[in-house]
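**Student:** Listed below are the residues making up each chain.
There are 6 protein chains.
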Amino acid sequence: MWNYSKMLQYPIKIKCPNPRLAKVIISQYGGPDGELAASLRYLSQRFGMPDQNAKAVLNDIGTEELAHLEMVGTLVKQLTDGVSPMEMEKVGLGPYYTDHGNGVYPQSAAGMPFNATALAVKGDPVADLTEDLAAEQKARATYEKLIDLCKDDPDVVNVLRYLREREIVHFQRFGEALNGVQDKLAQKKFYINK
Amino acid sequence: MWNYSKMLQYPIKIKCPNPRLAKVIISQYGGPDGELAASLRYLSQRFGMPDQNAKAVLNDIGTEELAHLEMVGTLVKQLTDGVSPMEMEKVGLGPYYTDHGNGVYPQSAAGMPFNATALAVKGDPVADLTEDLAAEQKARATYEKLIDLCKDDPDVVNVLRYLREREIVHFQRFGEALNGVQDKLAQKKFYINK
Amino acid sequence: MWNYSKMLQYPIKIKCPNPRLAKVIISQYGGPDGELAASLRYLSQRFGMPDQNAKAVLNDIGTEELAHLEMVGTLVKQLTDGVSPMEMEKVGLGPYYTDHGNGVYPQSAAGMPFNATALAVKGDPVADLTEDLAAEQKARATYEKLIDLCKDDPDVVNVLRYLREREIVHFQRFGEALNGVQDKLAQKKFYINK
Amino acid sequence: MWNYSKMLQYPIKIKCPNPRLAKVIISQYGGPDGELAASLRYLSQRFGMPDQNAKAVLNDIGTEELAHLEMVGTLVKQLTDGVSPMEMEKVGLGPYYTDHGNGVYPQSAAGMPFNATALAVKGDPVADLTEDLAAEQKARATYEKLIDLCKDDPDVVNVLRYLREREIVHFQRFGEALNGVQDKLAQKKFYINK
Amino acid sequence: MWNYSKMLQYPIKIKCPNPRLAKVIISQYGGPDGELAASLRYLSQRFGMPDQNAKAVLNDIGTEELAHLEMVGTLVKQLTDGVSPMEMEKVGLGPYYTDHGNGVYPQSAAGMPFNATALAVKGDPVADLTEDLAAEQKARATYEKLIDLCKDDPDVVNVLRYLREREIVHFQRFGEALNGVQDKLAQKKFYINK
Amino acid sequence: MWNYSKMLQYPIKIKCPNPRLAKVIISQYGGPDGELAASLRYLSQRFGMPDQNAKAVLNDIGTEELAHLEMVGTLVKQLTDGVSPMEMEKVGLGPYYTDHGNGVYPQSAAGMPFNATALAVKGDPVADLTEDLAAEQKARATYEKLIDLCKDDPDVVNVLRYLREREIVHFQRFGEALNGVQDKLAQKKFYINK
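Residue numbers (the numbering used here), protein chains in the order written: chain A, 192 to 385; chain B, 192 to 385; chain C, 192 to 385; chain D, 192 to 385; chain E, 192 to 385; chain F, 192 to 385.
Simulated from the structure, these hints should not be mistaken for laboratory data.
Please note that a few of the clues may not be correct.
A pair holds if it fits inside one copy or across any two, identical chains being indistinguishable in the list.
[Unchecked claim] Below, in silico cross-link-like pairs of lysine to aspartate or glutamate (EDC-like), each with a Cα-Cα straight-line distance of 20 angstroms or less: (1) K281 to E356; (2) K268 to D242; (3) K281 to D343; (4) K197 to D251; (5) K246 to D344; (6) K206 to E356; (7) K197 to D242; (8) K246 to E278; (9) K204 to D272; (10) K342 to E367; (11) K281 to D344; (12) K197 to D344; (13) K246 to D272; (14) K281 to E335; (15) K375 to D343; (16) K342 to D251; (17) K206 to D344; (18) K342 to E356; (19) K268 to E356.
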């Protein structure tokens with residue numbers, strides 16, 4: 192179980208609302224390679240992971256991704272705080288405002304509600320951990336795209352950079368966990384069934 | 192952010208695997224009215240909730256639903272632990288085994304991956320809290336259906352009853368939060384059950 | 192069965208096409224909290240509703256929502272009537288025009304085809320009627336958002352206000368139906384707002 | 192708008208519940224080629240149909256499909272009426288019972304909630320009417336498959352045969368409407384079967 | 192099986208990137224009536240097609256649609272080649288850039304990932320071939336909408352016209368195949384346009 | 192473009208129909224980690240792949256996966272050839288028969304139509320190739336699950352083993368392609384398994 196601690200993993204203070212940025216950042220909340228997908232993937236995979244070290248890594252990172260989900264939601268919230276319906280519409284958020292107002296809904300930037308088809312749980316330690324490596328790379332790539340689109344707001348970019356760095360750390364940790372699993376399986380560098 | 196505490200909210204010790212029960216219980220993991228939907232709904236709605244008390248309730252219950260998600264995942268895991276492919280298939284879990292092995296994947300009992308279309312965030316406090324009342328009733332009803340289907344295994348029923356009771360408590364708390372919001376808004380016309 | 196009567200429940204005469212408004216109003220045609228979802232929810236729930244009064248309410252309101260679906264479709268049609276492809280594109284309807292021309296397709300404003308995951312039928316009278324209360328609140332909230340976005344066109348706002356008012360009436364009727372069911376069940380513990 | 196008339200288009204009196212048949216028949220309620228898809232397709236297409244005769248045909252048949260939707264829902268209801276949870280599970284309806292009890296939910300037999308991706312509105316009279324011809328053929332084929340699966344229950348087969356016959360009539364009417372449209376357009380090159 | 196031949200079915204040389212056009216053209220890559228849907232529909236239907244001639248037609252056209260899929264992907268690629276993130280965003284491709292960069296992803300213009308609900312395989316030769324006739328009409332209509340939206344770029348229009356023409360040819364071939372099947376079945380009652 | 196060659200990549204001759212096996216094998220046709228997902232992923236990613244060697248690998252393997260898609264469809268076809276509706280239903284294929292007869296439809300074993308949410312195109316060479324490594328591991332794991340479920344039919348297992356082996360070869364090739372990309376990028380920090 193989890194205990195809530197009333198602080199963000201990394202502080203967020205956006206000086207000026209900017210719904211244009213919220214429009215794309217929401218993808219890391221509920222998009223295919225976002226923090227919800229990541230957290231749900233890792234916290235689900237751990238049930239079927241026979242390797243105790245890999246299980247602990249999944250638990251840790253899955254829990255951290257919940258904190259990231261909260262950070263991304265906070266970003267979206269602050270960027271749309273007090274923004275009028277007309278300003279929302281001007282940046283292309285008319286459809287979003289229609290169905291979600293100035294709330295935070297788990298969807299991709301394109302408007303697709305979160306769909307767990309974006310993640311896999313295979314009940315196979317090597318497949319699951321390789322999926323996790325891919326997930327971290329996809330999240331990193333998404334943060335880099337977001338940094339491209341948000342580069343005129345240093346407060347936002349600063350948070351996105353932090354989140355991007357964490358994905359790289361997670362990638363390394365999943366790589367090590369996979370090596371550990373493969374060592375035990377005697378399956379050196381991804382080679383299955385020599 | 193959240194801290195993980197290595198214990199379940201309520202203990203689960205299934206004596207005999209029984210994949211027939213896992214097959215339906217998975218719906219409270221990733222189905223339309225399950226714990227993931229609940230947690231995601233409440234933790235997302237809180238960003239746009241102007242009422243501080245209602246926000247705190249959303250945060251609390253959203254966090255507790257994460258613990259329930261973990262409990263339901265644990266139930267599914269214990270009920271399928273060590274179950275052979277053929278036994279999985281015999282109870283209709285052949286398709287599940289094909290794509291998820293003996294892992295825990297966020298889907299409905301019918302096999303639909305979790306889809307956030309099942310939950311709403313409207314950025315409207317009365318609509319959001321009424322949605323939450325409905326969510327708790329739907330979760331309660333689902334647990335009652337599951338109790339009907341699992342009644343030959345008291346260990347399972349015991350856990351399902353606990354979870355069902357919590358939904359009723361949540362329903363009451365959301366009802367009080369809604370009353371609080373309505374009192375402030377003095378929008379008596381939206382008042383449920385005069 | 193139903194007989195068609197060649198008139199709208201409430202007259203609609205839009206003087207000037209305005210595809211910008213059609214773009215968001217379509218969400219009440221095929222979006223998650225729109226009239227199709229409402230009608231389908233009520234007309235489906237009635238089959239499993241043991242309470243005869245609640246069943247009649249579901250039937251009545253489900254039928255009225257069909258009339259609202261027609262009204263919303265008419266709004267969308269009149270607002271895009273004779274609008275050129277380039278004008279459609281200018282307001283962000285290029286993707287819509289690509290796949291649906293100037294037709295009326297059941298989708299959310301964000302472009303998601305209607306998906307019945309947005310509605311629940313639980314075969315439980317209390318859960319179903321609480322779902323209906325939430326549905327009416329969500330529809331009301333959506334009409335309020337649309338009124339915000341359409342406020343420069345009084346012909347449109349007038350229709351949206353009418354539809355919004357009907358949702359409030361439906362909310363009251365479902366509240367009474369739920370009270371009736373609960374009185375019969377004497378299930379005071381599920382009673383909303385004692 | 193529509194007025195409800197408290198009778199089925201064709202009488203349904205199932206003598207014995209048989210959930211095994213309900214399990215597959217539900218596909219004509221909310222499946223990809225079912226009555227909901229049909230009704231929604233025709234009632235939506237009519238807004239963008241420039242040809243007045245074709246528009247009237249869409250309106251008529253769309254309204255009749257609503258009556259068929261009600262008939263199919265009634266079939267499902269009668270076939271599962273009073274069926275116990277265990278009997279539901281025995282025929283593979285455990286997942287359905289979990290999320291919908293003995294209610295009627297708009298889904299395919301495979302358990303997919305209704306999704307409007309299954310239907311097209313192109314804002315092009317020839318494309319829309321050809322889509323309708325295909326829809327009627329697909330519905331006919333589905334009824335034939337259902338008749339194969341239900342052949343041991345003459346009460347059910349009788350209703351399915353009636354519905355199947357109506358699809359063939361609709362197919363003819365859409366064919367005539369398409370001919371009418373093509374004659375006006377003098378677009379002989381799109382003419383089917385010279 | 193298939194052998195790849197390193198040339199497009201029809202040459203594509205876009206002189207100037209124009210992401211505004213890519214934004215809508217992507218629908219023929221992964222949208223409901225696009226080339227992927229077409230190819231997948233025909234190549235899947237052929238397995239269940241008892242008529243040898245119809246099977247060969249499905250195989251031929253299904254293979255040609257793969258070539259069209261490649262052409263549409265090439266169009267999208269050339270129209271976004273080297274386009275900066277800000278230019279992508281300016282034409283409404285910010286969400287696309289966020290999740291797919293300047294890559295080619297199988298989605299509709301509205302941003303929906305490709306979903307096979309858009310196509311039918313009924314295991315019924317008449318239904319399947321009528322579905323194919325509709326598919327070709329819908330693809331034709333989509334190309335006509337795209338030509339409307341792209342008319343200021345003759346290089347693009349030229350390719351779209353070629354693809355549109357092919358759909359008409361396919362429509363004729365499917366019409367002949369359907370006639371062949373019907374002749375054999377002597378099922379005159381399903382005959383379109385006697 | 193592609194040329195069709197009228198032979199399977201690997202011969203398939205199933206002596207006895209066995210719909211029980213078809214029921215699960217279909218997941219490699221249209222399931223989340225199946226051959227369609229693989230082919231579509233690689234053939235789409237190649238458009239945005241700047242590295243010429245990686246692009247060629249994507250093209251080759253994407254084309255080979257089309258051949259595997261055909262093989263899996265052939266397996267499903269042969270395993271259900273001439274199987275009666277009742278026999279289909281007996282193994283749990285009643286819903287499948289209802290909507291697809293004895294045809295081959297792109298869905299998962301659980302009955303979900305293929306959805307491209309299962310694959311990613313990020314327009315980032317490292318993320319895309321890591322996604323491909325994961326895809327191959329997930330496909331391998333799925334074939335292993337299928338071999339578990341089909342082990343009583345050596346003809347089927349033989350084909351599944353062949354397909355499984357090809358995934359391992361693809362995994363190696365994608366690993367080498369990723370190494371090549373990383374060498375050029377000198378992004379050692381993303382290097383998997385130093």
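**Student:** Against this structure, judge whether each hint is valid.
**Tutor:** Do the hints match the structure? See the list:
| no. | hint | in the structure |
| --- | --- | --- |
| 1 | K281 to E356 | neither (32 angstroms within a copy, 28 angstroms between copies) |
| 2 | K268 to D242 | between (39 angstroms within a copy, 15 angstroms between copies) |
| 3 | K281 to D343 | both (18 angstroms within a copy, 15 angstroms between copies) |
| 4 | K197 to D251 | both (19 angstroms within a copy, 11 angstroms between copies) |
| 5 | K246 to D344 | neither (38 angstroms within a copy, 28 angstroms between copies) |
| 6 | K206 to E356 | neither (23 angstroms within a copy, 39 angstroms between copies) |
| 7 | K197 to D242 | between (32 angstroms within a copy, 17 angstroms between copies) |
| 8 | K246 to E278 | neither (45 angstroms within a copy, 26 angstroms between copies) |
| 9 | K204 to D272 | within (12 angstroms within a copy, 36 angstroms between copies) |
| 10 | K342 to E367 | neither (33 angstroms within a copy, 34 angstroms between copies) |
| 11 | K281 to D344 | both (19 angstroms within a copy, 17 angstroms between copies) |
| 12 | K197 to D344 | neither (26 angstroms within a copy, 40 angstroms between copies) |
| 13 | K246 to D272 | between (39 angstroms within a copy, 16 angstroms between copies) |
| 14 | K281 to E335 | between (25 angstroms within a copy, 18 angstroms between copies) |
| 15 | K375 to D343 | neither (48 angstroms within a copy, 30 angstroms between copies) |
| 16 | K342 to D251 | neither (31 angstroms within a copy, 35 angstroms between copies) |
| 17 | K206 to D344 | within (9 angstroms within a copy, 34 angstroms between copies) |
| 18 | K342 to E356 | within (17 angstroms within a copy, 45 angstroms between copies) |
| 19 | K268 to E356 | neither (22 angstroms within a copy, 30 angstroms between copies) |
Violated hints, listed in ascending order, are 1, 5, 6, 8, 10, 12, 15, 16 and 19; each of the other numbered hints is respected by the structure.
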